[in-house]
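Q: Each chain, written out:
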Amino acid sequence: DAKTTQPPSMDCAEGRAANLPCNHSTISGNEYVYWYRQIHSQGPQYIIHGLKNNETNEMASLIITEDRKSSTLILPHATLRDTAVYYCIAPLGKLIFGQGTELSVKP
Amino acid sequence: NAGVMQNPRHLVRRRGQEARLRCSPMKGHSHVYWYRQLPEEGLKFMVYLQKENIIDESGMPKERFSAEFPKEGPSILRIQQVVRGDSAAYFCASSPPGHVSYEQYFGPGTRLTVT
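If you're matching them up, the sequences are chains A and B in order.
To get my numbering, take the position in the first sequence, counting from 1, and add 10.
Anchor point for the second sequence: position 52 equals 43 in my numbering, and the numbering is continuous, going up by one each time.
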């Protein structure tokens, strides 16, 4: 698995966009980037994934740089219920969850 | 469309007893994955199973732990002779048939407490 690096924590104001960065400078050409989140005490939840094009679904947008060395998960209008640990993963064979970014959405 | 079901949600065992954790995948899913989350730690992959086959057990402790996914019925994670260090949340995930999928759907977890 390519190693991913995320900031340990971030704050975001309710209603604003939350932009969560991830560095994956060692990612290979065929490795996707996956994002999951884990709300306290719950099972992880799949959010989105991408290879090199930007992706959007009902939950979030994923922006991947052209060199694929980093990506940003965007929650366009964060709510209090988006408070969670967000994991950026470049899996190869299995999902390896690192420490993630603890996002706190504040009123 | 029911999601991944795990039971029991909470399990208390004394040291030396056996723990059996069950996971019913989403309808139509034939791949099951087990993960463990120790207190204040991240999720760790344990095992990946398809019906009647263990595909990857590289994350399973060498002793006391076993997993199965029979042709009929739920997947079972079995821990024999539990010790305090086994206290953790155990999550199961499932994905549809086909090649290995990283788009996995997780259950609510079983919280095991060993006293």
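Since the hints were derived computationally from the structure, they do not count as laboratory data.
All of these numbers come straight from a predicted model, not from anything done at the bench.
Possibly wrong hints are sitting among the right ones.
Simulated crosslink set (EDC-like; lysine to aspartate or glutamate; CA at most 20 Å straight-line) [said to hold, decoys possible]:
no., chain 1, residue 1, chain 2, residue 2
1, A, Lys13, A, Asp92
2, B, Lys42, B, Asp77
3, A, Lys13, A, Glu112
4, A, Lys13, B, Glu54
5, B, Lys53, B, Glu9
6, B, Lys53, B, Glu31
7, B, Lys62, B, Asp47
8, B, Lys35, B, Glu63
9, A, Lys13, B, Asp77
10, B, Lys62, B, Asp77
11, B, Lys42, B, Glu32
12, A, Lys13, B, Glu32
13, A, Lys104, B, Glu32
14, B, Lys18, B, Glu32
15, B, Lys18, B, Glu94
16, A, Lys104, B, Asp47
17, B, Lys62, B, Glu32
18, A, Lys79, A, Glu24
19, B, Lys35, A, Glu112
20, A, Lys116, A, Asp92
21, A, Lys79, B, Glu9
22, B, Lys18, B, Glu54
23, A, Lys62, A, Glu76
24, A, Lys62, B, Glu94
25, A, Lys116, A, Glu41
26, A, Lys13, A, Asp77
27, A, Lys104, B, Glu9
Each pair of labels, with its calculated beta carbon distance range [unchecked claim]:
no., chain 1, residue 1, chain 2, residue 2, range
28, B, Arg11, A, Arg26, 42 to 48 Å
29, A, Gly103, B, Pro52, 17 to 23 Å
30, B, Met(-4), A, Gly39, 33 to 39 Å
31, A, Ala23, B, Gly89, 53 to 59 Å
32, A, Asn63, B, Ser57, 27 to 33 Å
33, A, Ser114, B, Met(-4), 42 to 48 Å
34, A, Ser114, B, Val74, 46 to 52 Å
Short derived list, chain A residues pointing at chain B, Cβ under 7 Å [as the list claims (entries may be wrong)]:
no., residue
35, Cys22
36, Gly25
37, Ser35
38, Gly39
39, Tyr44
40, Gly60
We treat Cβ as the ideally placed atom computed from N, Cα and C, and that holds for glycine.
Q: Is B:Lys18 within 20 Å of B:Glu32, Cα to Cα?
A: Status violated; Cα separation ~30 Å.
Q: If you draw a straight line from the CA of B:Lys42 to the CA of B:Glu32, is it 20 Å or shorter?
A: violated (30 Å)
Q: Taken at face value, is the distance from the CA of A:Asp92 to the CA of A:Lys116 at most 20 Å?
A: holds (10 Å)
Q: Is A:Lys62 within 20 Å of A:Glu76, Cα to Cα?
A: Satisfied, since the Cα-Cα distance of roughly 7 Å is no more than 20 Å.
Q: Hint validation: A:Gly39 versus chain B, beta carbon distance must be below 7 Å. Holds or violated?
A: violated (17 Å)
Q: For A:Lys62 and B:Glu94, compute the direct alpha-carbon distance and say whether it is at most 20 Å.
A: Cα-Cα ~17 Å, so holds.
Q: Measuring from beta carbon to beta carbon, are A:Gly103 and B:Pro52 in 17 to 23 Å?
A: holds (19 Å)
Q: Should the interface hint for A:Ser35 be scored as holding, given a Cβ-Cβ cut-off of 7 Å against chain B?
A: violated (20 Å)
Q: Between the alpha carbons of B:Lys53 and B:Glu9, is the straight-line distance 20 Å or under?
A: holds (16 Å)
Q: Given the hinted pair A:Lys13 and A:Glu112, is their alpha-carbon gap at most 20 Å?
A: OK: A:Lys13 and A:Glu112 at ~18 Å, within 20 Å.
Q: Does the structure keep A:Lys79 and B:Glu9 at a Cα separation of 20 Å or less?
A: violated (45 Å)
Q: Does the structure keep A:Lys116 and A:Glu41 at a Cα separation of 20 Å or less?
A: violated (34 Å)
Checked against the numbered hints above, the structure breaks hints 1, 2, 4, 6, 8, 9, 10, 11, 14, 17, 18, 21, 22, 25, 27, 31, 32, 33, 34, 35, 36, 37, 38, 40 and satisfies the rest.
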